[in-house]
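So the chains spell out like this:
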Amino acid sequence: MFLVGSFFLFAAFLITTCIFVIFSKNPVNSVLFLVLAFLNSTFLFILIGAEFVGIILAIVYIGAVAILFLFVVMMLDIQITTLMYNIKRYVPLALLFAGIILAEIIYLTVFKTSKVNIDTFIRSKNNTEQIGDVLYTKYFIDFQLSGIVLLLAMIGAIVLTHVYRPTIKRQNIDSQNSTTAKDRVQLVKIKPGEGIKDD
Amino acid sequence: MINFYQFIPEIFILALILLTLCFGLFNKDRSIAINAVGFFILTLILINFGKDFYISTDLSLNTINLFVLSKIILSIGSIVFILLSKRPLKNENLYRYEYILFILFAILGSFVLISSDNFLTAFIGLELQSLSLYLMAAFNTKNLKSNEAGIKYFSLGALSSGFLLFGISMIYYDTGSFYMQNLNNFTTISEIGLSLVLISLFFKVSAAPFHIWTPDVYEGSPTISTLFFASLPKFASLIFLFRVYQELNISGIQSLNYIFQIVCAISLLVGVYGAITQKVIKRLLAFSSINHIGFMLLGIMSYQFMSEGTLFFYLIIYLITTFGIFAVLLNLRTVDGEFTKISQLNGLRFTSNSKSISMLVFFFSLAGIPPFAGFFAKFFILSASITDGFFFLSIVAVLSSVIAAFYYLTIIKNMFFNKSEIELLDDNNKIGKVIFISFGLIITLFFFYPDPLINLVDNLFK
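Just so you know, the protein sequences line up as chains A and B, in that order.
Counting in the numbering used here, the first sequence runs without a single skipped number right up to 199 at its last residue.
Counting in the numbering used here, the second sequence runs without a single skipped number right up to 462 at its last residue.
If you're looking for bench data, these hints aren't it; they were derived computationally from the structure.
Remember, it's a predicted structure, so these values are computed and weren't measured experimentally.
Just to be clear, a hint being listed does not mean it is correct.
[What the hints assert, rightly or not] Restricting the straight-line Cα-Cα distance to at most 25 Å, the calculated cross-link-like pairs of lysine-lysine (BS3-like) are: (1) A:K88 x B:K152; (2) B:K419 x B:K90; (3) B:K152 x B:K279; (4) B:K28 x A:K169; (5) A:K169 x B:K142.
With the hints as constraints, model all of the structure from the sequences given.
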């Protein structure tokens with residue numbers, strides 16, 4: 001009873017915050033509501049016993065993605081009125097897609113039972129252990145390939161943003177290390193009463 | 001326990017990536033030579049030991065041959081592409097060794113995609129491939145059009161990846177497995193999921209209702225990247241589409257079969273009608289490639305009564321012709337920079353004989369005019385599809401190639417009989433010249449010595 005009650009509580013919160021994400025006038029408010037929506041879906045994941053996925057969602061989406069998003073939104077100067085003007089044009093299309101997906105979900109939940117046996121998953125071990133069991137054995141190749149995708153993303157981000165400007169003065173460590181005292185310092189013997197002659 | 005023996009080609013490319021990544025920091029010019037040699041070694045390994053890698057797996061001999069042949073073609077194609085890419089990049093002031101890395105990543109993704117037996121690995125391979133394609137489209141960061149092409153490609157590609165993931169999750173919900181061989185008795189949910197997967201794959205190969213990105217991306221990105229989009233990744237995605245069609249036995253499922261046929265017909269027609277009004281050569285080639293994708297889908301559908309060789313033969317000829325056309329285009333420059341318009345090709349004969357004759361050979365081959373290899377490619381596909389009973393699609397295909405001949409021939413006429421409007425500079429790129437002349441010879445001499453190419457395709461499927 002407690003589980004069912006809390007599920008409906010968090011689900012209702014989730015839907016409400018999602019609506020606020022779309023209809024807030026201020027983009028900063030939208031992003032903050034998005035954070036709240038992520039938090040609520042974290043709770044939903046934890047409720048069904050997928051605590052690893054839930055915590056990862058909290059760390060990655062709230063900790064990194066949403067905060068970056070917030071920075072971007074704060075830095076950009078977006079005209080709110082133009083955004084709202086465009087929304088009306090797409091409402092019928094959005095309703096069509098939403099209707100299709102809603103019909104699919106209803107069809108899946110009412111008429112079909114999945115072959116994935118969730119009960120055996122949940123009862124035997126906890127979620128973190130289960131993921132740890134298959135991540136390095138059954139899905140080893142996929143795991144390593146995801147690492148390669150991340151390497152590519154890193155290289156790509158550097159290539160697209162790095163601009164080489166020859167005018168910028170940089171530290172040249174080689175030439176710094178290879179200089180000797182003779183290049184930099186001149187020893188002069190000064191005779192008393194004469195001073196240094198300018199060559 | 002995972003059998004690592006079957007991943008040797010992928011591991012080889014990964015080693016090449018890491019080598020280039022470290023070595024490129026110190027010596028930027030050598031990375032092209034290193035990778036060309038690396039892919040040459042990979043080709044030799046695949047030709048000699050390719051089949052041994054997969055012997056311990058429980059794949060059928062036909063599938064193993066498919067893997068090995070397509071990997072050989074991909075690595076030969078990468079040798080040609082890497083050698084070709086140096087000069088155009090230097091001309092545009094774009095030469096950085098990261099570009100070679102992107103090629104390697106895309107080829108690695110294609111290899112993974114081709115030999116993946118489950119949808120999860122296929123998804124990661126497809127992502128690896130398309131992520132590097134987005135980067136190659138936006139590689140010219142100082143050019144606004146290139147940036148626009150990159151962003152357009154990226155946002156639309158992300159949308160199609162979303163479709164792919166949604167479809168895969170529906171298949172997983174229904175069957176409890178990612179593996180293709182576990183998918184044998186379909187329910188409605190699997191069919192919907194599979195159709196979403198197919199939509200995403202159609203997007204990647206730019207088949208017709210999902211082709212909107214193609215002309216813009218082709219036009220905006222640097223020409224050398226356009227060559228890459230049109231050739232090797234598209235080849236890999238088509239092979240995967242072929243495997244999905246074959247292993248999941250889509251011809252037995254009525255609804256998905258209709259999707260295939262509709263997409264094929266629309267591709268054939270859109271590719272032709274879109275191309276007629278184009279003035280920019282890269283947009284024209286984009287629409288022409290959409291038309292050819294229609295032919296390839298027809299080849300995929302009608303595999304039952306012919307060998308896989310039909311499709312493979314068409315793909316090889318298409319790759320050779322695309323490489324040839326782009327090698328000619330990359331060798332030409334106007335005074336202002338890269339040349340873009342079709343009308344600038346006018347009077348090419350007076351500038352350079354070898355280029356205009358090669359262009360004539362390639363365009364005749366694309367149009368399917370008899371002595372050239374393109375005719376035989378189209379002929380094999382059409383005869384297979386007629387044997388298989390796709391009469392309506394075959395008629396559409398023939399009509400579309402008649403209309404296509406109109407704009408190919410217009411270009412050739414302008415090239416040979418019109419006065420040139422603008423002075424074309426010869427880039428004098430030796431490697432490019434060798435490539436387009438030898439590819440032109442392959443296309444022409446196929447009529448007289450068909451044995452090598454036919455045997456190559458036939459032996460590997462026996």
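*Numbers of the earlier hints that this structure fails to satisfy, in rising order*: Per hint list: single violation, 2.
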